[in-house]
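Student: Start from the sequences, fold in the hints, and give me the full structure.
Residue numbers (the working numbering), protein chains in the order written: chain A, 1 to 251; chain B, 1 to 265; chain C, 1 to 272.
Hints were generated in silico from the structure; no laboratory data involved.
No farther apart than 27 Å at their CA atoms in a straight line, the calculated lysine-lysine pairs in the DSSO-like style are these:
#1 172(C) / 229(B)
#2 229(B) / 169(C)
#3 197(A) / 91(C)
#4 169(C) / 242(B)
#5 169(C) / 230(B)
#6 179(C) / 230(B)
#7 169(C) / 197(A)
#8 230(B) / 172(C)
#9 172(B) / 172(C)
#10 182(A) / 113(C)
#11 182(A) / 91(C)
Listed here are the chains, written in short residue letters.
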Amino acid sequence: MIGIYSHDRSYMHLLDPRTKLALMVGMGLLIYSAQLPALTVLLALVLLLSRASGLPYTRLVQGLRPVLVFFSVIFLAHLLFTPGKPLIEGLVVPTVEGVTTGSVLVLRFILLILYTSIMTYSTSPSGLNYALTFFLRPFGTFGTDLAFMTGTAMTLIPGLFREKDTITKAQAARGYKPRGMKGFTALVVPLMNRSLKRVDELSDALESRCFHSKRRYYYYRQTLANRDYVAVGIYVVLAGVVLFVRFEARF
Amino acid sequence: MIEVKDVYFSYPSGAVLEGIDLTVKKGEYVGIMGHNGSGKTTLARLITGLLLPGKGYVKVNKIFTTDSERLLDIRRSTGMVFQDPDAQAIGETVEEDMVFGLENLGLPVPEIDTRIEKYLDLLGIRELRHRNIRTLSGGQKQLVNLAAVMVMEPECIILDEPVSMVDARCRKMILQHIARLNHEGTAIVHITHDPEELIRCHRLIVLSRCRVTNQGTPHEVFGQLLDEKKMDVPAPYAISRKLGLSPVLTIKALLEELCRSRSGN
Amino acid sequence: MSIEIRQLTHIYDAGTPWETIALDRIDLTISKGTVFGLVGGIGSGKSTLASLMAGLGTPAHGSITIDGEPPDPGRNVGILFQQPEDFFFEKTLFEDMASGLLHLGLTEEEVHKRIHSTLDLLGLDHQILDRSPFHLNRGTLRLAAFATVLTMRPGYLILDEPTASLDPKSRKRLVEVIKRISGDIAIIYISHRLQEVVAVSEYLAVLEQGKVAFTGTVPGYLDWATGQDACEYLPVLNQVMYGLQRLGFDVDLNVACLEEALEQIRLSLERT
Chain A
1 MIGIYSHDRS
11 YMHLLDPRTK
21 LALMVGMGLL
31 IYSAQLPALT
41 VLLALVLLLS
51 RASGLPYTRL
61 VQGLRPVLVF
71 FSVIFLAHLL
81 FTPGKPLIEG
91 LVVPTVEGVT
101 TGSVLVLRFI
111 LLILYTSIMT
121 YSTSPSGLNY
131 ALTFFLRPFG
141 TFGTDLAFMT
151 GTAMTLIPGL
161 FREKDTITKA
171 QAARGYKPRG
181 MKGFTALVVP
191 LMNRSLKRVD
201 ELSDALESRC
211 FHSKRRYYYY
221 RQTLANRDYV
231 AVGIYVVLAG
241 VVLFVRFEAR
251 F
Chain B
1 MIEVKDVYFS
11 YPSGAVLEGI
21 DLTVKKGEYV
31 GIMGHNGSGK
41 TTLARLITGL
51 LLPGKGYVKV
61 NKIFTTDSER
71 LLDIRRSTGM
81 VFQDPDAQAI
91 GETVEEDMVF
101 GLENLGLPVP
111 EIDTRIEKYL
121 DLLGIRELRH
131 RNIRTLSGGQ
141 KQLVNLAAVM
151 VMEPECIILD
161 EPVSMVDARC
171 RKMILQHIAR
181 LNHEGTAIVH
191 ITHDPEELIR
201 CHRLIVLSRC
211 RVTNQGTPHE
221 VFGQLLDEKK
231 MDVPAPYAIS
241 RKLGLSPVLT
251 IKALLEELCR
261 SRSGN
Chain C
1 MSIEIRQLTH
11 IYDAGTPWET
21 IALDRIDLTI
31 SKGTVFGLVG
41 GIGSGKSTLA
51 SLMAGLGTPA
61 HGSITIDGEP
71 PDPGRNVGIL
81 FQQPEDFFFE
91 KTLFEDMASG
101 LLHLGLTEEE
111 VHKRIHSTLD
121 LLGLDHQILD
131 RSPFHLNRGT
141 LRLAAFATVL
151 TMRPGYLILD
161 EPTASLDPKS
171 RKRLVEVIKR
181 ISGDIAIIYI
191 SHRLQEVVAV
201 SEYLAVLEQG
211 KVAFTGTVPG
221 YLDWATGQDA
231 CEYLPVLNQV
241 MYGLQRLGFD
251 VDLNVACLEE
261 ALEQIRLSLE
271 RT
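Tutor: Laid out in structure tokens, this is it:
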């Protein structure tokens with residue numbers, strides 16, 4: 001679900017993109033520093049936010065499907081290779097620590113993806129670009145160029161997934177369901193081929209429309225509104241609680 | 001306003017253009033016809049400086065395409081619509097896509113607002129304004145692409161196979177818009193392999209085997225092509241010529257001619 | 001022996017605000033040994049239908065059976081997607097074509113024989129087998145991709161815009177090949193180039209917003225098309241014929257090429 005924006009007027013949509021970007025980074029930090037109890041709270045918060053943004057919960061979760069395998073691998077790895085107190089009598093692995101560490105790691109990834117999805121759903125790429133530019137401006141033209149590149153790259157992500165689907169179908173249509181290294185090449189080579197063609201054409205289009213570094217932004221010349229301050233306020237409270245719980249657990 | 005002089009261009013796989021000359025005056029509607037692989041797309045990109053010629057030069061409004069400092073000026077006066085509707089989607093919504101070019105031109109906000117409103121209506125895509133571009137059909141996407149270029153109000157619009165991936169209904173609409181644009185003063189360079197698209201041109205050139213093999217008015221060129229049996233010509237033209245009637249370019253005119261012929265009998 | 005499609009329905013993103021009904025209770029029969037054209041415009045569902053017919057995905061409701069069996073991609077049905085040249089990835093053309101066949105369980109010798117005989121069928125030079133797919137021109141590559149799907153010997157073959165971006169010579173060659181092999185297998189020809197579809201197919205179906213707007217023979221299609229909005233479904237030559245009919249000329253609506261149209265018009269003028 002990352003990268004798909006839908007025009008709407010939900011609470012999340014109306015927040016200034018700079019607020020959302022800053023909160024996104026803030027959430028990232030929180031997620032990284034939180035342990036299991038706090039992570040579940042954050043998971044519950046996702047439900048609330050998805051309502052606030054108009055993104056149906058089911059769609060949000062569907063976005064996790066492509067990476068499910070990846071998560072399972074990570075969880076399994078931790079299950080099998082973390083030393084500690086055994087879960088089952090007589091077996092060295094899996095351990096309690098394995099389960100906890102595995103869950104924490106997977107949950108963190110999941111939360112990052114879910115939060116990013118909500119943010120990209122409620123923020124137009126133009127807005128994201130603007131927010132990125134705003135924060136990267138201290139770095140000069142490099143900053144604004146970087147901002148644009150990142151913003152545009154994000155719009156290309158759903159396209160990549162769609163291409164992958166088409167390619168797997170096309171290869172399957174030849175009765176060809178390759179596995180392993182062969183399977184990887186059968187997917188990656190055409191994917192790279194087509195993606196590079198697309199990007200080439202996109203850059204031609206950008207140039208034709210006079211893209212240059214010193215462009216100005218049409219949208220979001222607004223100043224921050226009350227709801228932005230409220231959102232930041234909620235975040236500060238949340239961060240306080242999470243960090244408190246985290247360090248409280250030490251005592 | 002566009003001058004292509006003795007241009008040569010090769011890709012690693014081989015030469016694609018050899019000794020091409022072309023001029024486009026203000027307000028002219030020039031058609032460039034050729035098979036797939038004849039170099040027409042390359043020529044389109046040479047005109048706006050996306051590619052640079054190996055030999056010869058290209059000038060737009062007296063600026064050389066090799067003049068990298070002034071490339072932006074060239075691009076301000078020439079807009080380009082590409083073949084693949086998907087590849088040109090820059091913004092996420094239709095409105096954003098149209099605004100993109102205007103942001104680049106540095107126009108003030110009220111001006112941007114006015115232009116967006118104007119061109120949304122002109123192209124009849126007002127209901128699509130906030131739609132995500134990826135959810136549109138190929139034809140609608142191409143209409144949006146055209147709008148995004150038109151909104152920049154360039155002196156000349158170059159169209160590279162604009163309707164070859166588009167359904168019949170949108171195709172007709174887009175071709176009508178192009179004709180109207182030209183009527184109102186914008187120069188058009190229309191590149192395609194389908195002769196039916198070029199019946200309204202002022203001037204037509206044919207690219208074949210890396211060179212310009214025919215040029216002139218549509219009637220002149222189609223006549224030559226028909227005699228040389230080299231390339232397809234619009235069906236009404238072929239029919240009218242082969243039946244010995246006054247050559248025509250549209251179905252309507254053909255039907256009139258045939259009626260005239262019948263009453264003559 | 002046919003493809004039977006009954007009440008086929010497919011919905012994308014069911015239950016969400018994005019829910020779209022791509023196919024709405026489609027009923028179609030496609031018999032072996034014919035060329036069946038599929039035409040459709042904006043959001044008509046032809047790509048979805050093509051994918052489902054090729055066995056790539058499961059329909060929400062309804063059924064597709066090919067000779068009584070479900071579609072099995074690469075076995076009873078094959079599909080050539082748009083721009084198939086992009087899907088090559090092996091170092092030589094031969095390896096690419098062979099990989100699918102080896103998967104079917106054929107021996108190396110059988111694989112060789114099949115590939116060579118298919119190339120002969122298409123009039124392709126065997127030399128190209130040793131070349132890399134990235135070094136051949138588009139027309140040859142398109143035919144090679146076509147060969148790749150043909151080597152699987154499917155009973156039914158779906159072609160999605162097979163002549164797009166091809167120069168006239170390659171286009172003509174491809175159409176000739178299609179006509180030649182259609183006797184043994186069924187070909188489903190999807191294209192928005194109406195003149196081409198009409199010239200190649202024996203039967204046609206038109207999809208509009210997920211429903212079948214018309215199905216039948218080509219002459220039947222032309223008759224039906226004259227009744228549609230602005231004749232958007234009539235190819236140019238047939239539009240001319242129809243215009244003449246309405247003006248009282250005695251001509252046949254069904255012409256497949258310029259020569260036939262001229263013939264009709266000349267005869268009609270002589271009669272007056």
